[in-house]
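So the protein lines, in turn, are chains A and B.
The first sequence begins at 830 in my numbering and counts up one residue at a time.
The second sequence begins at 4 in my numbering and counts up one residue at a time.
Note that these hints are calculated values from the structure, not bench results.
Each hint can be trusted.
Partner residues aside, some chain A positions facing chain B, computed with beta carbon under 7 Å:
| id | residue |
| --- | --- |
| 1 | 888 |
| 2 | 923 |
| 3 | 925 |
If the Cβ cut is set under 7 Å, some of the chain B residues that face chain A in the computed set are:
| id | residue |
| --- | --- |
| 4 | 47 |
| 5 | 48 |
| 6 | 51 |
| 7 | 55 |
Here a beta-carbon is modelled for each residue, glycine too, at the ideal position from N, C-alpha and C.
Each chain is listed here by its residues.
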Amino acid sequence: MGAVVVLLLAAVAAALFWTLGQRGARPSTPVAATTPATFTARGALQLDDVGPKWKTGSGCAGSGGYDDIQGGAQVVVKDRAGTVLAIGELAAGLVDHHPTIEDAKICLFLFSVFNVPAGQGIYGVEISHRGVVQFNEADLFAGEAQLTLG
Amino acid sequence: MPARRQTYREIADDMEERIALGEYVRGSRLPSYRQLADIYSVSVSTAYRAVVLLQDRGLVEGEPGVGLYVARRGT
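Next comes chain B alone, as it looks inside the complex (with noise of 0.2 Å):
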C-alpha cells in the first residue's frame, strides 16, 4: 500500500516543528519549492500551500524566484 501523502497543513505543522528545533535557523535559507516537494513527496503546489501557510504564520518570508528564508523573529 502506498504511503499517505502527507497534506499541506501537516508539512507546515512540520515546518514550523524544525524551525522551532532550530533544524532550520531563522534568517537561514530555506529549500526551493521543488525542494520542498521531493523531500515531502507532494506536488510543488503543496510544498506551496503549505509555504503561505507557514508565511501566514510569520515563520517563513520571501517568494518564488527570491527564495524562502526562515523569519528572524517569529510570531
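Bound-form chain A, shown alone (with noise of 0.2 Å):
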C-alpha cells in the first residue's frame, strides 16, 4: 500500500514537473526566412553541328556566322523592363558528343554571371548581342539554362 502512494506521488510530482517545464520553456526563437541577396546564374550555350573531326573533349569555338561564339563572349543578365542586372562571360568551349543526334558533335560554353540580384523571378540572358532569351530564376541557380545556336 505504501509503496502505491509512493509511486503515485512520484507520477504527479512528475506531471507537476513536466508541465511547469513546459510553461517556462522559451517559445522557440523564429527563423527567419533569409533569402540572399544576389546569386550566381549558371547555364549553358550549345552550337550545334561543329562537325565530326572535332575530338571530343578538345577546345572548340564558333566559327562562320558564329565567330563571335568563343570563351571571353559577354553573358548580360537583364530584368524584365531590360535593365541591366549583372554582366558576365562565357567559358572557353569545349566539344562533346550532341546530347540527342548520334554522331553528332556541338561546341558547349558554360556561363556564370556573379551577384545577380535575386528576387526577380523571370531574367533576360542575352549571349553577344544574340538577342534576350528568358528563363526563371530557379533554373539560373541551379545552372540548367541552356541556349542553343546552329
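Combine both chains into one complex, guided by the hints.
What follows is the structure in C-alpha cells.
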C-alpha cells in the first residue's frame, strides 16, 4: 500500500514538473526566412553541329556566322524591363557528343554570372548580342539555363 | 539497378575535397575532361560543368586545349 502511494506521488510530481517546465520554456526562436541578396546565374550555350572531325574533350569556338561565340564573349543578365543587372562571360568552349543526335558533335560553352540580384523571378540572358532569352530564377540558380545556336 | 550518376556539383565537391587532402597537389596538372568523365562515369559536358564550378571557386585554372591545373592558391 505504501509503495503504491509513493508511486502515485512520484507520478503527480513528475506531471507537475513537466507542466511547469513547459510553461517556463522559452518559445522557440523564430527563424527568419532569408533569401540571398544575390546569386550566381549559371547556364550553357550549345553550338550545334560543329562537325564530326572535332575531338570530344578538345577546345572549340564558333566559326563562320558564329565567330563571336567563343570563350570570353559577353553574357548579360537583365530584368524584365531590360535593365542590365550583371555581366559575365562564356567559358572556353568544349567539344562533346550531341545529346540527342548520334555521331553529331556540339561546342558547349558554360557561363557564370556573379552577383545577380535575387528575387526578380524572370531574367533575360543575352550572349554577344544574339537576342535576349528569358529564364526563371530557379533554372539560372541551378545551372539549368540552356541556349542553343546553329 | 544501375548506380546513380553523380551531378556536376557532387563531382566538384569531391574534387575540392581531393585538393584539400593533397591528392591533387596545388600547381599540378589535373586529368583531362575526357579522363574526368571516365573517372566519374559521366559525360564530358558534366565533367566540364564540374571544372567550371571549381574555376569559379578559385581552385582550378586552365581551359580545353591548354590543360587543367590545380590553382596554386585557392580562395
